[in-house]
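Engineer: One-letter residues, chain by chain:
2 protein chains.
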Amino acid sequence: MMGLFELNKVDSGARSGTLHTAHGDVPTPAFMPVATQGSVKAVDPADLREMGATLLLGNTYHLYLRPGVETIQHAGGLASFMGWNGPTLTDSGGFQGYSLEHLRQITHDGIIFKSHIDGTTHNFSPATVMSHQEGIGADIIMPIDVCAPGGSDRNSVIEAVETTTRWAELCQKSHTRSDQHLFGIVQGGVFPDLRSNSATQITSLEFPGYAIGGLSVGESKAEMYDACDVATSLLPIDRPRYLMGVGSPEDLVECVARGVDMFDCVLPTRIARNGALFVTEGRINIDTARFKTEDRPIEEKCDCYTCNTFSSAYVSHLFKAKELLAYRLATIHNLRFILRLMEELRKSIEVGEFESYRKEFHSHFVPPDERTRRAQKQRWLEAQRRRPDHIPL
Amino acid sequence: MMGLFELNKVDSGARSGTLHTAHGDVPTPAFMPVATQGSVKAVDPADLREMGATLLLGNTYHLYLRPGVETIQHAGGLASFMGWNGPTLTDSGGFQGYSLEHLRQITHDGIIFKSHIDGTTHNFSPATVMSHQEGIGADIIMPIDVCAPGGSDRNSVIEAVETTTRWAELCQKSHTRSDQHLFGIVQGGVFPDLRSNSATQITSLEFPGYAIGGLSVGESKAEMYDACDVATSLLPIDRPRYLMGVGSPEDLVECVARGVDMFDCVLPTRIARNGALFVTEGRINIDTARFKTEDRPIEEKCDCYTCNTFSSAYVSHLFKAKELLAYRLATIHNLRFILRLMEELRKSIEVGEFESYRKEFHSHFVPPDERTRRAQKQRWLEAQRRRPDHIPL
Chain A
488 MMGLFELNKV
498 DSGARSGTLH
508 TAHGDVPTPA
518 FMPVATQGSV
528 KAVDPADLRE
538 MGATLLLGNT
548 YHLYLRPGVE
558 TIQHAGGLAS
568 FMGWNGPTLT
578 DSGGFQGYSL
588 EHLRQITHDG
598 IIFKSHIDGT
608 THNFSPATVM
618 SHQEGIGADI
628 IMPIDVCAPG
638 GSDRNSVIEA
648 VETTTRWAEL
658 CQKSHTRSDQ
668 HLFGIVQGGV
678 FPDLRSNSAT
688 QITSLEFPGY
698 AIGGLSVGES
708 KAEMYDACDV
718 ATSLLPIDRP
728 RYLMGVGSPE
738 DLVECVARGV
748 DMFDCVLPTR
758 IARNGALFVT
768 EGRINIDTAR
778 FKTEDRPIEE
788 KCDCYTCNTF
798 SSAYVSHLFK
808 AKELLAYRLA
818 TIHNLRFILR
828 LMEELRKSIE
838 VGEFESYRKE
848 FHSHFVPPDE
858 RTRRAQKQRW
868 LEAQRRRPDH
878 IPL
Chain B
488 MMGLFELNKV
498 DSGARSGTLH
508 TAHGDVPTPA
518 FMPVATQGSV
528 KAVDPADLRE
538 MGATLLLGNT
548 YHLYLRPGVE
558 TIQHAGGLAS
568 FMGWNGPTLT
578 DSGGFQGYSL
588 EHLRQITHDG
598 IIFKSHIDGT
608 THNFSPATVM
618 SHQEGIGADI
628 IMPIDVCAPG
638 GSDRNSVIEA
648 VETTTRWAEL
658 CQKSHTRSDQ
668 HLFGIVQGGV
678 FPDLRSNSAT
688 QITSLEFPGY
698 AIGGLSVGES
708 KAEMYDACDV
718 ATSLLPIDRP
728 RYLMGVGSPE
738 DLVECVARGV
748 DMFDCVLPTR
758 IARNGALFVT
768 EGRINIDTAR
778 FKTEDRPIEE
788 KCDCYTCNTF
798 SSAYVSHLFK
808 AKELLAYRLA
818 TIHNLRFILR
828 LMEELRKSIE
838 VGEFESYRKE
848 FHSHFVPPDE
858 RTRRAQKQRW
868 LEAQRRRPDH
878 IPL
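Protein chains in written order, with this note's numbering: chain A, 488 to 880; chain B, 488 to 880.
Among the hints, a few may not be true.
All copies of an identical chain are treated as equivalent in the list; a pair is satisfied when it fits inside any one copy or across any two copies.
Below, computed lysine-lysine pairings styled on BS3-like, alpha-carbon distance capped at 27 Å [as the list claims (entries may be wrong)]: (1) K809 <-> K864; (2) K779 <-> K846; (3) K834 <-> K807; (4) K779 <-> K601; (5) K708 <-> K864; (6) K846 <-> K809; (7) K809 <-> K601; (8) K601 <-> K496.
Simulated from the structure, these hints should not be mistaken for laboratory data.
Kindly produce the complete structure, drawing on both the sequences and the hints.
Structural biologist: Right under this line is the structure:
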């Protein structure tokens with residue numbers, strides 16, 4: 488069997504490569520749109536293919552609760568169930584151990600969740616999480632891990648690292664499907680020595696790919712970049728590196744620079760449903776007065792369906808009128824923005840011009856300031872805790 | 488200039504024809520998907536073209552309030568603003584005089600509305616309604632009329648007919664754009680002599696097409712069919728007839744049988760967003776247990792995008808999980824069902840087999856019983872009154 492990952496080119500630390508999966512190849516660096524419950528909110532598989540998506544992420548915790556592993560297995564696995572039929576990855580439910588802290592208890596043997604749907608109790612152990620993910624059938628799967636919140640004290644992070652390593656080993660032992668690739672997850676918060684310990688422990692288990700977890704959970708951007716640096720410096724060159732939960736344009740550029748190959752994040756789709764759209768200069772809010780009679784598209788040089796078809800005035804009206812179409816058009820625009828960014832990053836690496844692309848990107852793209860960004864993230868997390876299954880807007 | 492309407496064939500009272508508009512031809516009988524606020528809820532123009540939509544309906548009251556006539560005019564008219572670029576028709580706001588009775592006052596000179604958005608007052612007179620619709624720029628436009636609720640007493644209906652005729656004449660005088668076709672509207676409730684009076688008065692004004700209004704507002708199906716019979720028997724053969732607000736599959740068949748050429752209704756799109764889907768045998772509810780592991784599409788012989796791409800199990804899951812994609816997929820299925828029905832009705836007329844098609848249709852399609860149907864309609868109307876601008880589900 489062909490290995491999962493082929494490294495094509497390295498340019499100033501940034502890497503281009505290819506993931507070979509049972510459902511097709513994925514060029515890297517790759518951004519995964521998030522289909523938590525088996526649907527990337529507001530768009531369909533044809534939209535996703537048209538925008539250039541190559542790999543989708545589903546969530547084991549949500550899919551296990553609804554529609555249930557058997558339903559997905561019966562349909563031939565997640566890719567088939569969704570009508571996507573391309574490469575998929577599932578997260579284990581470990582992140583819900585962080586985001587749904589009021590509904591779970593972390594024990595020696597796993598995470599016990601109280602279902603946000605009906606209050607029933609479910610035990611996510613290394614063995615059950617492997618069994619669920621083998622049933623769901625994604626190409627790349629994740630062990631269950633412990634994600635310590637940003638700001639955790641050193642002892643909590645030490646414990647999270649220890650448990651993550653122990654569970655990773657148990658997951659590896661339980662994993663049977665050779666057509667699925669089980670990654671290891673590096674934890675360690677923002678403590679360089681703990682990141683380093685975790686990376687050493689996890690890589691000693693020899694996984695076909697490695698995820699960097701426990702970031703983008705409340706720490707500063709500088710801390711996140713540093714932790715990412717520590718982790719990637721210790722990960723083997725010939726295995727893909729997946730930075731979990733990261734996906735703002737500036738973070739994608741900076742973490743590709745640090746040697747990351749794969750990303751996922753709800754940010755582009757979540758902010759789209761609030762009318763916040765990515766453009767060359769940063770973010771705009773489409774429902775502000777200046778777009779009321781704007782004939783031009785959201786961005787004239789954008790090649791997405793929304794920009795090719797509709798004026799800013801129309802998209803702005805759809806948001807004001809709360810028309811369902813608004814959410815789809817905005818999601819298409821933001822995802823295409825991110826997926827095009829990934830295509831451009833890859834191209835710049837392949838022609839050896841990554842550093843100049845990176846510099847050029849930062850010369851025009853102005854992210855929201857850090858305080859705004861962290862406040863937004865906090866609000867989202869609180870909404871997520873209230874209604875884990877459905878945050879349409 | 489070519490006339491608006493060309494009658495191709497009459498078969499047992501059912502008619503096939505063509506509307507020639509400035510934005511293209513429309514084969515009749517035609518069903519118009521409803522884009523109240525300039526968007527057919529949950530779908531986009533490409534979806535609509537793929538389903539075979541040929542003519543869309545917008546609403547003057549809603550569009551005037553938001554985004555405003557000037558915004559639409561600036562974009563080159565409704566068809567262009569929506570990215571649809573095909574034929575459109577606007578209703579005048581007369582129906583909101585019925586559906587928003589708690590927010591309006593009918594005077595001698597027009598209807599005064601209190602905006603459901605900000606409480607401001609707006610006068611819809613024959614002159615302003617013509618001016619608004621000329622700005623919005625649909626191919627077919629409607630005079631302002633008075634729609635008496637089902638169950639109105641004879642005197643109220645007499646008054647509604649008188650006012651409707653007087654306003655129709657004033658609208659005709661105010662109307663200036665020769666590329667737009669202003670229809671007359673026949674009122675008269677369920678009183679045969681009043682329907683007949685209204686038809687005589689309105690046809691004497693010589694409009695290029697006639698609408699039958701004031702039906703599907705709480706009367707029984709038998710009363711609706713009878714009133715439709717009375718009206719069409721008095722309308723000129725060479726002008727299109729448009730039955731306003733009617734669009735259940737059984738009513739479309741029965742009213743095509745009575746010589747109607749055009750229809751509009753929110754029913755197919757509204758019930759779709761509640762998971763109620765049309766199939767050969769009637770309606771199903773997709774979020775019931777029997778679809779949980781159903782690999783087959785909603786209807787195997789259906790040619791819609793949803794049925795070509797997704798299993799019933801997946802659509803059912805999307806509804807249970809409240810994923811936004813559910814509403815689009817269900818809307819596509821129901822609209823395609825209705826638009827295919829119209830295509831088949833037209834074909835049966837053209838080959839002289841309308842009666843056998845009608846018989847065959849009723850042999851398999853079982854509508855919900857009348858009590859259920861009226862209760863559902865009542866609930867919708869109440870929701871409409873609470874939030875006229877946004878009833879997503």
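Engineer: Hint by hint, say whether it matches the structure.
Structural biologist: How the hints compare with the structure:
no.	hint	in the structure
1	K809 <-> K864	both (23 Å within a copy, 23 Å between copies)
2	K779 <-> K846	neither (34 Å within a copy, 51 Å between copies)
3	K834 <-> K807	neither (38 Å within a copy, 41 Å between copies)
4	K779 <-> K601	between (46 Å within a copy, 23 Å between copies)
5	K708 <-> K864	within (13 Å within a copy, 54 Å between copies)
6	K846 <-> K809	neither (38 Å within a copy, 42 Å between copies)
7	K809 <-> K601	between (33 Å within a copy, 20 Å between copies)
8	K601 <-> K496	neither (45 Å within a copy, 65 Å between copies)
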